[in-house]
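Visitor: Chains as they are written, first to last, in UniProt numbering: chain Y, 1 to 407; chain W, 1 to 407.
To be clear, the hints were calculated from the coordinates, so they are not data collected in a lab. Using N, Cα and C, we set each Cβ at its ideal position, and we do this for glycine too. One thing to keep in mind: the hints can contain errors.
Partial list, derived from the structure: chain W residues whose beta carbon lies under 7 Å from chain Y [unchecked claim]: (1) Leu13; (2) Glu102; (3) Gln196; (4) Arg240; (5) Thr262; (6) Met267; (7) Asp280; (8) Ala342; (9) His387; (10) Thr389; (11) Pro390.
Number of protein chains: 2
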Amino acid sequence: MTLDQLNPPTRLLMGPGPINADPRVARATASALTGQFDPWMTATMNETMGLYRSVFSTANEQTLLVDGTSRAAIEAALVSLLSPGQKVLVAVMGRFGLLLEEIAERAGAQVITIERPWGTVFTLDEIEEGLRTHRPALFATVQGDTATTMNQPLEGLGQLCHRYGALCYVDATASVAGNALLVDEWELDVVSAGLQKCLAGPSGSAPITISERAREVIYSRRHVEAGISEGADGPGERIRSNYLDLAMLMDYWGPERLNHHTESGPMLYAARECARIIADEGIAGTVARHRLHGAAMAAGLEGLGLELFGDQTHRMNNVIGVKIPDDVDGDRLRAALLEDFAVEIGTSFGPLAGVVWRVGVMGYNARRDAVLATLAALEAELRRFGHPTPASGGVEAAMNHYQEQES
Amino acid sequence: MTLDQLNPPTRLLMGPGPINADPRVARATASALTGQFDPWMTATMNETMGLYRSVFSTANEQTLLVDGTSRAAIEAALVSLLSPGQKVLVAVMGRFGLLLEEIAERAGAQVITIERPWGTVFTLDEIEEGLRTHRPALFATVQGDTATTMNQPLEGLGQLCHRYGALCYVDATASVAGNALLVDEWELDVVSAGLQKCLAGPSGSAPITISERAREVIYSRRHVEAGISEGADGPGERIRSNYLDLAMLMDYWGPERLNHHTESGPMLYAARECARIIADEGIAGTVARHRLHGAAMAAGLEGLGLELFGDQTHRMNNVIGVKIPDDVDGDRLRAALLEDFAVEIGTSFGPLAGVVWRVGVMGYNARRDAVLATLAALEAELRRFGHPTPASGGVEAAMNHYQEQES
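Chain Y with its partners taken away, still in its complex shape (with noise of 0.2 Å):
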């Protein structure tokens, strides 16, 4: 048997992620692999923490990479911050929030949540309600539900979780760079995230940072095997994964260097470039880049005559939800968008599957022509499905909201 070399289609990715990586960041996975322990290859390792910080803008010591997809971080999260029985409380405004809840009983914790319906937020008086009642050990939820679009505000959570005595873990993975995102501020303990979205590299590494309050925590839950590692136990009951270990992947990226997984080359050297390119633009600029683009994108869909989903004063930059219209199948337009035009735009989950597509603008896609590229192919394929657009069309609706920014 003799097949080919790998050969994708191009295509451009403006759905809900994974996006196009940006060419730099794909060039860098192909570099050249080091030993794990090289010391070229632990000054890189803390060059991305360092990188990562940025990011996240916060001082957290503790900022590294999960070897594995943006789900893995969460895990790795909530394995290492829950011990089983233990109450966490979960905000449930999307699927994203159902991922957190799932994950977390797996876990073994005693799990509350509250809920919202899709496309709305929670208040922090609402969020504040089920810590007083129920006084968890930890408050959950996710800054962006790409479910929904949605994006919590965070702002105080840290301190409100902390005045009832919890700790707070937030999936950033869909709003990191696209959103504000002040850790440190914002007095967030642990939040994780994935390169597939607005940090404009490939799924498979998912940054994390964790405040000195989560680390003493999950160091009470270390666990030293004889034989295989070193260091010294914690008190608290033991973390019940070894790869998603936080006490451990803490050592393997700490100046111990301690034995764990051995790191991805390639997916090191992709999230490093990722934040090196954000940190060559500015966190705040690249945030104000998605600000731009998703709203050139959603006053280009609204110029379609689509009418958009859920709470707009609270959506994410970087994801834009719109109604299917009713004279349209939603999968077989997406089907003829991607084989027309090569362009992807996002199905939807549970309660919005088949009634809300979703356009993502992120990373190296939050950009002009790739808005209007998608906006002009949408135009196209709506009319082809019978569907009547306004004359003036979604292009020039994106084009007139570029123009009253720059004025």
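With chain Y's structure known, arrange chain W on it following the hints.
Guide: Chain W alone, transformed into the frame defined by chain Y:
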């Protein structure tokens, strides 16, 4: 802050892994990304499953990738196969047996071990005695323990386990493609690997194959979340991890394509290219190449007057342990080798730390020039460190080995 692009030093990685990736694999990681349910992507995933069936010599439908390093797949296997309280018998002949023990404990299993001194392997009779005495639900072992360089014979192991009502798990991370591994013929139920050894790739993706017997056990623990995943629940105890839940991974890789994590593009591409290269050479040819160059390295090391470690009749083809001469500081010499010749060889763990170096001859580096360059550099450093080496030397001994094999 403006940082430069990555500029890793050129190294010849002749330790126990990671090794230099085949340049074709490195290039493949930089290929363009598509959406995870793009028809091209799902076809590529299916193609990759087929390629790994050849690598594992199996017809198992359930042959897929875990999105993490080799350790992620070990944990996926153990946490998915073992319900809390279930009995597992672990064969420990080195550090990676201890790792299986630890991971199984964290998964809540009742762990019983049989042990052999580092540098030796088990006979099937010893394993049978363990199975007869303890009647475990699962028997777990490594094939090649890089900590000791030993290669556990596995022929007939699955049949033996099944006779005693146990399933059988094998960690083949270090051994696959460097040593015979006949998953179907030996009736091994779950076998996992990693790319960073004889598969000639980077760390970060972990191929795994799952027999029908094992699939049934895992599917009986399948648990489906409303709003998150679809399908039907199984009757068994829920798997404690979401990220490493093999039932969910089988559903994601299977024809239903149920949503789970977002498969890493670069790591899928790397895994596919590793297996494509092996398919070109033929898996038996790849194993034979490792045998040839590993034996040449061993002959060369002996030609340097060094003593090999462990039972040489059961050594992996691809890793050689060699005793550090008494008059040499092992770590200082390794550092000099890296600095002067950019050649990396490995240190050891636990009882072998400071006693044994480990030299790998794996994947892309299982080649004549890499073997000879390593021997020449090692010989030069041994002399610089004041350790006398025989006049004929290591390079000549290795060359003689190659000549003998050719004739």
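Visitor: Go through the numbered hints given earlier and state which of them the structure violates, listing their numbers in rising order.
Guide: 8, 9, 10 and 11
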